[in-house]
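**Student:** Going down the list, the sequences are from chains A and B.
The opening residue of the first sequence carries number 214 in my numbering; numbering runs sequentially from there.
The opening residue of the second sequence carries number 342 in my numbering; numbering runs sequentially from there.
A couple of the hints might just be wrong.
Unchecked claim - Calculated pairs, DSS-like style, for lysine-lysine (alpha carbon to alpha carbon, straight line, at most 25 Å): (1) A/Lys400 to A/Lys433; (2) B/Lys644 to B/Lys621; (3) A/Lys390 to A/Lys450; (4) A/Lys436 to B/Lys516; (5) B/Lys661 to B/Lys600; (6) B/Lys661 to B/Lys685; (7) B/Lys685 to A/Lys369; (8) A/Lys369 to B/Lys516; (9) A/Lys369 to B/Lys414; (10) B/Lys637 to B/Lys675; (11) B/Lys516 to A/Lys433; (12) B/Lys406 to A/Lys369; (13) A/Lys386 to A/Lys433; (14) B/Lys516 to B/Lys414; (15) B/Lys605 to B/Lys661; (16) B/Lys678 to B/Lys648; (17) A/Lys435 to B/Lys516; (18) A/Lys468 to B/Lys406.
Bear in mind the hints are in silico, worked out from the structure with no lab data behind them.
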Amino acid sequence: MNARFFPILLAVGLTSASHGVQSLEGDLRKNGDTVVSIFEEQRAVLQRSSAVVKEGRKDLCYGVVISADGYILTKASEVQKISSLSLIVDETKYENAKVVATDPTWDVALIKADAQGLQPVSYAPSSDLPQGTWVVANGASSTTRRRALVGIISAKTREIPASGGAALGVILKKDSKGLEIEAVNEKSGAQEAGLQKGDQITALDGKKVSKIEQVAEFMKDKKSGALVKVGIKRSGKELELDVRLAAKGELTDEKSRNDQMSGRFSHRRTGFPRIIQHDILGNEESVGGPLLDLEGRCIGMNIARADRAQSFAIPVEDLKVLAEQLIKNAAH
Amino acid sequence: MIPSAGLRDAEQGGKVPHSDPEMSNFHPILLLAILPAMAFAAPDRPYFNDKKAPENRKDLEAIQKTLTSVLPKAREATVCIDIGEGSGSGVIVSAEGLVLTAAHVAGGVGKELTVIMEDGKRLKAESMGIVSTTDCAMVRILEKGTYPFVVLDRENSTKLGDWVFSLGHSGGFDKERGSVVRLGRLVRVAETTIQSDCTLIGGDSGGPLFDLEGRLIGIHSRVGEVLAQNMHVPMHEFLTHWDEMTRGEFVGDGPFAKKPETGKGFLGLATEPRPEGGLKVTKVGRESPAEKAGLKEGDVLLKLNGKALQSREDLQNLLKEMAPGDKMALELLKKGKPETLEMKLGER
Numbered sequence: 214m215n216a217r218f219f220p221i222l223l224a225v226g227l228t229s230a231s232h233g234v235q236s237l238e239g240d241l242r243k244n245g246d247t248v249v250s251i252f253e254e255q256r257a258v259l260q261r262s263s264a265v266v267k268e269g270r271k272d273l274c275y276g277v278v279i280s281a282d283g284y285i286l287t288k289a290s291e292v293q294k295i296s297s298l299s300l301i302v303d304e305t306k307y308e309n310a311k312v313v314a315t316d317p318t319w320d321v322a323l324i325k326a327d328a329q330g331l332q333p334v335s336y337a338p339s340s341d342l343p344q345g346t347w348v349v350a351n352g353a354s355s356t357t358r359r360r361a362l363v364g365i366i367s368a369k370t371r372e373i374p375a376s377g378g379a380a381l382g383v384i385l386k387k388d389s390k391g392l393e394i395e396a397v398n399e400k401s402g403a404q405e406a407g408l409q410k411g412d413q414i415t416a417l418d419g420k421k422v423s424k425i426e427q428v429a430e431f432m433k434d435k436k437s438g439a440l441v442k443v444g445i446k447r448s449g450k451e452l453e454l455d456v457r458l459a460a461k462g463e464l465t466d467e468k469s470r471n472d473q474m475s476g477r478f479s480h481r482r483t484g485f486p487r488i489i490q491h492d493i494l495g496n497e498e499s500v501g502g503p504l505l506d507l508e509g510r511c512i513g514m515n516i517a518r519a520d521r522a523q524s525f526a527i528p529v530e531d532l533k534v535l536a537e538q539l540i541k542n543a544a545h
Numbered sequence: 342m343i344p345s346a347g348l349r350d351a352e353q354g355g356k357v358p359h360s361d362p363e364m365s366n367f368h369p370i371l372l373l374a375i376l377p378a379m380a381f382a383a384p385d386r387p388y389f390n391d392k393k394a395p396e397n398r399k400d401l402e403a404i405q406k407t408l409t410s411v412l413p414k415a416r417e418a419t420v421c422i423d424i425g426e427g428s429g430s431g432v433i434v435s436a437e438g439l440v441l442t443a444a445h446v447a448g449g450v451g452k453e454l455t456v457i458m459e460d461g462k463r464l465k466a467e468s469m470g471i472v473s474t475t476d477c478a479m480v481r482i483l484e485k486g487t488y489p490f491v492v493l494d495r496e497n498s499t500k501l502g503d504w505v506f507s508l509g510h511s512g513g514f515d516k517e518r519g520s521v522v523r524l525g526r527l528v529r530v531a532e533t534t535i536q537s538d539c540t541l542i543g544g545d546s547g548g549p550l551f552d553l554e555g556r557l558i559g560i561h562s563r564v565g566e567v568l569a570q571n572m573h574v575p576m577h578e579f580l581t582h583w584d585e586m587t588r589g590e591f592v593g594d595g596p597f598a599k600k601p602e603t604g605k606g607f608l609g610l611a612t613e614p615r616p617e618g619g620l621k622v623t624k625v626g627r628e629s630p631a632e633k634a635g636l637k638e639g640d641v642l643l644k645l646n647g648k649a650l651q652s653r654e655d656l657q658n659l660l661k662e663m664a665p666g667d668k669m670a671l672e673l674l675k676k677g678k679p680e681t682l683e684m685k686l687g688e689r
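Please construct the entire structure, taking both the sequences and the accompanying hints into account.
**Tutor:** Printed below as a string of structure tokens:
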């Protein structure tokens, strides 16, 4: 919305070889090799306690090792619908990793790998650190070596409401008698759950609905990530499907001008109950791993690259609770 | 007009005649007054800035400690500038509420703006002068008060590789979040542009870049496509044009702001000449500058900037010589009573 007041510089000014211009060599910049090499202790933690989550040869994102026997947390929306996941921890590859539980509210998935003797992260006692505190996270990785990227805590810890509110991701047919679905948004929870064109929505969380106003009323206070039981009628048969609510703003491909200057950011980047904000660079693949302090302790888990200037992580307090719950859910 | 403790003390003391620099060199009061200014000139440069790169944990902790200690004061003085159809950032540099920002945020001279403080308080403000070639602007908060402010780096003392931090209301004002801080190094220094690896985005424009002593060294201007290309206008560019900006001048010919074009001004009313002189308003355009100034159908325009209006051509010819944003004084009769309206010409 503010983009018109932030013109992207024309290359001319940057490349002109006018006299007196001084430039700092790449290695000495904030994320240059020389500077990052001072973060070797923290990088070593990423090496043994973060996972590279892969589909075949492709890196999807990172993960946080939370148990010696192969439980790993990652960003759910990056691994959804992937049938064959593998992991790399340190230099070892683990095939056939499985998503065993997910929490749609926080967009976190629990993965289980057939592993033993892994070194889980050590949780920091608190994520309540002053702005300006150094933090370290996963950067581009090779098969054998994790790389560190560095930055600072850069804003207040807070909730990030779903952009545009929560939505099922269906378009209802106008002038139809009931609530007939005319189209299903490709990126929505409705699509994931298998809602189809022609389905008649009859109930939401067990409550009968027949008018669009009732749906709007039901959705009003819902948060993105929440699961809704959607009752439908499909060719005479009654079905009930669990549908994840998405942020309305994430169902379109429309990019604001700020988005256009932000590279590849996370698709799911809003609708989190609480986040720590930091300024570590990255892209949609650099999320899922741990956020470390200078002690190498886990102060959170990177959950979204929001834009050019903002990255979000789930605070350690919430992450610990999530980890316990997901492991419990997986056991059932 | 440049806020400086030293100079202001000298002026207020009234003991140092400005016109006599020879004598003032030896004036004890001036010397006393100059001392704090010199303290600015030779600050305690953090030791880590003289290293090629941090070498160990201790260096990293020193950077962190310095940053966290200067951040609160810098944040207090950082503001969001709401310009209606969008927003930028700015920073307060005097207790009276003088704000520095980018020319492309101010948008021109004499524009009405709203300054939003970190706590959400909204204040009426107005743009003063701008340097359209390098992206400098000055804004003044119109509401009286004592505002938190930061000091400027007057000595151009920041060097390539120095650790710096940026603040700004990235993407617009968000009270729950506050302004966003980013750490980086000064990675490129050119005459009218400095570059850091503090990543900026829309909404940050006009926001402050600080050294790790909390002194203002630049104003955010623009970005390149690469994340590490974040451009700021250096403070010396502001200092060079300080007086012109204070006087409300439009310096240069773009590209960061477009000079209002003569003849493009817009009033938004229709008139007919009265036999006894003056122009009777027959129609006022909706949302027009005329309507906003309070002009109504039936008002009689007598003089524009002191020049009598006898015919429509008189009015047109006078307007032709003016540009959008120009101030004008309109003498008129409202329900028969004489009145003078001060207003600004709008853009067609």
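**Student:** Between B/Lys678 and B/Lys648, does the CA-CA distance stay at or below 25 Å?
**Tutor:** This hinted pair holds, its Cα atoms lying about 19 Å apart.
**Student:** Has the given pair, B/Lys516 with B/Lys414, been kept, meaning a C-alpha gap of at most 25 Å?
**Tutor:** holds, 17 Å
**Student:** Against the 25 Å threshold, does the CA-CA distance of B/Lys661 and B/Lys600 hold or violate the hint?
**Tutor:** With Cα atoms ~16 Å apart, B/Lys661 and B/Lys600 stay inside 25 Å; holds.
**Student:** Holds or violated: are the alpha carbons of B/Lys685 and A/Lys369 at most 25 Å from each other?
**Tutor:** Judged against 25 Å, a Cα distance of about 41 Å means the pair is violated.
**Student:** With a cut-off of 25 Å on the C-alpha distance, tell me whether B/Lys406 and A/Lys369 pass.
**Tutor:** Distance ~18 Å between B/Lys406 and A/Lys369 Cα, so the pair holds.
**Student:** A/Lys390 and A/Lys450 were given as a pair; does the straight-line alpha-carbon distance stay at or below 25 Å?
**Tutor:** holds, 18 Å
**Student:** Does B/Lys516 sit within 25 Å of A/Lys435, going by the straight-line distance between their CA atoms?
**Tutor:** holds, 23 Å
**Student:** Between the alpha carbons of A/Lys369 and B/Lys414, is the straight-line distance 25 Å or under?
**Tutor:** With Cα atoms ~16 Å apart, A/Lys369 and B/Lys414 stay inside 25 Å; holds.
**Student:** Would the hint linking B/Lys516 and A/Lys433 be met if the CA-CA limit is 25 Å?
**Tutor:** holds, 23 Å
**Student:** Holds or violated: B/Lys605 and B/Lys661, Cα atoms, limit 25 Å.
**Tutor:** holds, 8 Å
**Student:** Assess, step by step, whether the Cα of B/Lys644 is no farther than 25 Å from the Cα of B/Lys621, and give holds or violated.
**Tutor:** holds, 12 Å
**Student:** Between the alpha carbons of A/Lys369 and B/Lys516, is the straight-line distance 25 Å or under?
**Tutor:** holds, 10 Å
Hint check: violations occur at hints 7, 18; the rest are consistent with the structure.
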